[in-house]
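S.K.: These are the residues of each chain, in order.
Number of protein chains: 2
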Amino acid sequence: MQGNLLYAQSGGVTAVINASACAVIETARKHKVRVLAARNGIIGALREELIDTSKESASAIAALRHTPGGAFGSCRFKLKSIEQNRAQYERLIDVFRAHDIRWFLYNGGNDSADTANKISQIGKALGHDVTVVGVPKTVDNDLAVTDCCPGFGSVAKYTAVSVLEASLDVASMAESSTKVFVMEVMGRHAGWIAAAAGLAGKSADEAPHIILFPEIPFDEAGFLARVKATVERVGWCTVVVSEGVRNKEGRFLSEVGTRDAFGHAQLGGVAPLLADLVKRNLGYKYHWALPDYLQRSARHIASKTDVEHAYAVGKAGVEYALAGKNAVMPVIVRTGDAPYRWKIEAAPLGKVANHEKTLPKSFIRRDGYGITEAARRYLEPLIRGEEAPPSGKDGLPKYVRLKNVAVKKKLPAYAIDG
Amino acid sequence: MQGNLLYAQSGGVTAVINASACAVIETARKHKVRVLAARNGIIGALREELIDTSKESASAIAALRHTPGGAFGSCRFKLKSIEQNRAQYERLIDVFRAHDIRWFLYNGGNDSADTANKISQIGKALGHDVTVVGVPKTVDNDLAVTDCCPGFGSVAKYTAVSVLEASLDVASMAESSTKVFVMEVMGRHAGWIAAAAGLAGKSADEAPHIILFPEIPFDEAGFLARVKATVERVGWCTVVVSEGVRNKEGRFLSEVGTRDAFGHAQLGGVAPLLADLVKRNLGYKYHWALPDYLQRSARHIASKTDVEHAYAVGKAGVEYALAGKNAVMPVIVRTGDAPYRWKIEAAPLGKVANHEKTLPKSFIRRDGYGITEAARRYLEPLIRGEEAPPSGKDGLPKYVRLKNVAVKKKLPAYAIDG
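Chains Z and L, in that order, give the protein sequences. If you read the first sequence in the working numbering, its first letter stands for residue 4, the second for the next number, and so on. If you read the second sequence in the working numbering, its first letter stands for residue 4, the second for the next number, and so on.
Treat the hints with care, as some may be off.
Which copy? The list can't say, so a pair holds if one copy fits it or any two copies do.
In the DSS-like style, the derived pairs of lysine-lysine whose C-alpha atoms are separated by at most 27 Å in a straight line are [what the hints assert, rightly or not]: (1) K307 x K396; (2) K364 x K406; (3) K307 x K231; (4) K58 x K205; (5) K406 x K231.
Source of the hints: derived by calculation from the structure; they are not laboratory data.
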């Protein structure tokens, strides 16, 4: 087919966003369509910094399926509205025209769906037809319409496995050493990842014994009482806390501590703060962990379901684009829980953009400290299976680094003024 | 053979200490010897809290090979010298006599080797012959005589893989977001784990760009200059810091910060402290991670070499004990680097006890911020291969929980006064 397809990654990357990239390029190659990739996301598109993926071997592209991070670079950059910065949209279309971009696939979260939706409208108006498709991705699992978001299943699995493993460690040592272990997980606005930690244990005495969700205001006395009761009953206690947990006034817990009691706020981390609270009030020896980027880049323990989702949305994204379906996003539709079944459907970008899927109330146990059976039914299939990356003789996963050959620029330089 | 074998785990547990337990029990069963296990290590032996492992199925014992943590519980408890607390040693021998313990296998680090050595001398004097064998284990890799310590290879692999993965994430985002990533690793006295992080990258521009070892006094100006140069050259910078890094006066960096500049010391964590230092001096956006127990319990990414070592020392430990070799420890002897070859030999406990194997100077690069080729030759075989645990339908590794059936007590209660 005539013309090129532009692919761009957006926002925080995941363990499987490159599986979507792999699918995009492999599918486009089958249709003899050349894929250009924007270097560092939409910033690269604006700067005309494009990468020619046709310079990469088939095996390099295949290896993207098991390589974490963003192979072409991503960015945190939101285009303003067309009214506020029409020049930015015009520049994008200029770049599209200069490089014969007929299809644009934007791989990201909420903001990206919104941006893709806007671009899908402006092309025709500016005299360059381009079919725009959003490809879902976010560890936050907060996209509307889709049953889940590629990237979430793997961070969910990493979190559940880590809680399980670290808790076996704590249990071994509790008699004479650490009694309380606090692990902080991502999720500033919603407790999806915190909820996934709940998969590590099935009964009340199994870890995690306490989950602190951003959806439930932090109750210090209630929390401490529960830690104490757990240590007295089980011998030790594992706490999983979302970075987004807030006090009753709605302020992030990590920001309200005074220096004396909680340390310098800018150092961040609600886990050390809670651990210190436990120590001062209950006297228990503690340890705490904050895996940060490790949780969203841990391709070595990625969920097979998640990898398959990520690949499927990339593949469908190209098929929709080539079929001329403008302003849509391939979404994951769940058609069964047991056995887990799913399919891909096209959803209008307008329905996805600017909505946020929150953790349903029915997923949080009534006491506020754990997950329900409904949550378990939803979450469990998403962490199922592994698709381990091949391992090298050096003991490391064989992750690919692309050549990322630049496409020759054709336009004058462009300064991004935001 | 007549009599029972007692097995006890000691000190911080690892991802593979249960592989040694598995080998001990499987090997003893082959010789028709019953294994009792001390609940929570030597504390359980003193309290006469023993577990009858003959109540466990062959498949449960086999599953120990891939289950992290300490299956019978461990403890941080060091017996005093015989002169200081002879009663404790007498109590141990009383318990051994009451339960016909003819062989004692103590699975731990430096302190445990020392304790095992003492017990090996006292039995005969107290009229109860017992053959004592130490089984090596420590993520700190600081045991003398043995080429490496079971437990270290897996934390080394976890660390190298995590640095590699998180750095791919940082690299993707650096254009518009995080430029400096700091990851803190264990190793209060020696930089073995920090050194292992160096395996993640092979060239100067690959992560980790900076490793801070406990062996090298922290030089703030030099560190900041290096971060700046790295960000300007590479675009981003990954720093791995050992929890044991010290200033020029020899004090732990995590303990010397003032409240204003570094936050509350008790909250711990040198990673947030360094990240804050970078932010205040260079203005770069940062992220930091502190995996804590996750690093030493991550059986899902354990090194195959390490699992094999752990099993081999457990097996040899039983064989030595049954052969009446008293006061020895099976150690790992390296017989070749390429291909990597090793064998097990018996070393006198007295040679192992109370020595500390430090990171050789020749393993740290002259500039103090990275590892040498000699370090790489030593470390690489230790992280090679995987032996992934089986995965359940729930997406979690199938880790075993033993029944841990208690042996009926025969002696009066005993209060441990330390």
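S.K.: With reference to the structure, classify each hint as holding or not holding.
M.R.: Now the hints, each set against the structure:
1. K307 x K396: The answer is both: 24 Å in one copy and 12 Å across copies each meet 27 Å.
2. K364 x K406: neither (46 Å within a copy, 37 Å between copies)
3. K307 x K231: neither (38 Å within a copy, 39 Å between copies)
4. K58 x K205: Between copies only: 25 Å across, 49 Å inside.
5. K406 x K231: between (55 Å within a copy, 26 Å between copies)
Figure legend: structure checked against the earlier numbered hints; hints not met, in rising order: 2 and 3.
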